[in-house]
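2 protein chains.
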Amino acid sequence: MTEIKALMFDVFGTVVDWRSGVAREAETMLAPKGYAMDWPTFASAWRKLYVPAMADVIQGRRPFVVLDQLHRETLMQVLAERGIADLSEAEIYDLTRAWHRLDPWPDVIDGLTRLKARYALATLSNGNIALIVNMAKRAGLPWDVVLGSEFARAFKPMNEAYDRAARALDLKPAECLMVAAHADDLRAAAGRGYKTAYVHRPMEFGPHHADRGWPADRFDIAVENFSALADRLGA
Amino acid sequence: MTEIKALMFDVFGTVVDWRSGVAREAETMLAPKGYAMDWPTFASAWRKLYVPAMADVIQGRRPFVVLDQLHRETLMQVLAERGIADLSEAEIYDLTRAWHRLDPWPDVIDGLTRLKARYALATLSNGNIALIVNMAKRAGLPWDVVLGSEFARAFKPMNEAYDRAARALDLKPAECLMVAAHADDLRAAAGRGYKTAYVHRPMEFGPHHADRGWPADRFDIAVENFSALADRLGA
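Protein chains in written order, with this note's numbering: chain Z, 1 to 235; chain P, 1 to 235.
Source of the hints: derived by calculation from the structure; they are not laboratory data.
All values derive from a computational prediction rather than experimental measurement.
Any given hint could turn out to be false.
Just so you know, same-sequence chains aren't split out, so a pair can sit in one copy or run between any two.
What the hints assert, rightly or not - Derived pair list, reagent style DSS-like, types lysine-lysine, alpha-carbon separation capped at 27 Å:
#	residue 1	residue 2
1	K137	K172
2	K48	K33
3	K172	K5
4	K116	K172
From just these sequences and the hints, can you work out the full model?
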C-alpha cells in the first residue's frame, strides 16, 4: 500500500446513507400533502431504477446526461406508479435534489479528516458535480477534488470513468485506491489497475438486507468503516 | 451580490505568487549545477511563453493539452535560450512541476477560509487538475471543487471555460463571481454573464511593475486582497 497517493471514493452507500436521507426528504415533501407510505421503501424503489436508467448511456444508445437528469426521470416513474401527480415543477426539482442532501455514515468525517492529511481524496461517483459539491458543503465532507461521471462523461463501471480519474491526477492506476461498499465497482476498478478497499455497509439497503455477508472477492483491503480504513493506511 | 452562490478563482497571480515560487524552484535545481542568473527574470521569461503556447489550442490549430504539457514545452525553450542542456528527464519533469509548488499571497488562507463558510469555492484556472490539487494540498487551499481548463477542455478566455464551470455547479452565470487579478479574465467572464471581483496584486510581475495602476474597468467589486473580499461579501 506504500505506493498509494490518492483515494477514490464511491459516494452513494459508501460515504452517505442514501436510503434514510431520501426517505426523510420524500416524507418531508409528500406527507404534508396527505401521502402515507413506507418512506424507506419509496427510496429503495427510486434507487432501483438507477442502474437501468444508466444503461442507455453505458450501452451507447443515449449521449451522456448528468445523474440529476436521470434522477428526475426515475422520480417521475416512481411518483406515477404511486399515483402522485400533484407536484409543482419547483417541488419536482427540489425532490430530485434530495440526493444532494444526504448524511454520511457516522465514521466518515473522522476517517476522511485523518486520511486527508496523507492522501488526495477524490470522489469517483456517478453523481454529477453540483450534487457532490452541494452534498459536501452541507455535510462537511473534505474532498480535495471531484472527479467521476461528469468529468469523464462516462458512468462507472465504464473503463473511462476509472482511467480518466487516474490520468487527471497524473497518477498510475496502481497509485489509486478505489474505496467502495460495492464489489462490482471494486472489480471494475481492479480491472483498470487500481488498488481496492472494500468497506462493509450492511445497512445500505435497510434492515432486511443487513445480514448480507462480505463479498468473497479478495480485495487489497476490507474494513468495517472509514476509521478502520485510516488505521490500515497509517493515517 | 446577494444572488452569488459560487466564487470562481483564477489561480496564477490571483491566489499564488508564481514569480517568487518558480524563481525559487529554478534556483534550487539549477544553482547547484553552476548556473547563475536573475531567477525571477527566468520565471518571468517562462511565464511570457504561456499565452503564445495556448494560442494554438485557443485558435483550433491543436487539440487541447493540459498546462503541464505546455509548461514542459515552454521550459525547454527557456532552457535552450540559456544554453542549459544537461538536465535529466527526471529533472525536467520535476522543474516543470515547479508550478505545482507555489505559495499563496499572505491574505489568501484567511480570506478563503472565511469565504468557504458561505460560498462554494471553485478554481477556474488554466492549470490542469493535478497541478491545482497538488498546489492545494501543499499550501492548504480549501477548494470545494476544481473546474477550469481540463474539465472544460478549453482555456480561458474561451467561452466554454466559463460556461461549463457555471453549468457544472447548476448555477446561472450571474450566480457566479469570477475573482481575478487580471482585467482580461474578468472581461471575458462578464461577457458570459458572470459577476466580477478584481483583486489588485501589484507584485505579480515583480517590483518593476509594482506601480501599475488599477484597471479602468468598472467591475462589480475591486479590492486589495482576499480578506477585503471576504469583508465585502459579508463572510
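Hints and how they fare:
no., hint, in the structure
1, K137 / K172, "between (29 Å within a copy, 19 Å between copies)"
2, K48 / K33, "within (25 Å within a copy, 63 Å between copies)"
3, K172 / K5, "within (9 Å within a copy, 35 Å between copies)"
4, K116 / K172, "within (19 Å within a copy, 32 Å between copies)"
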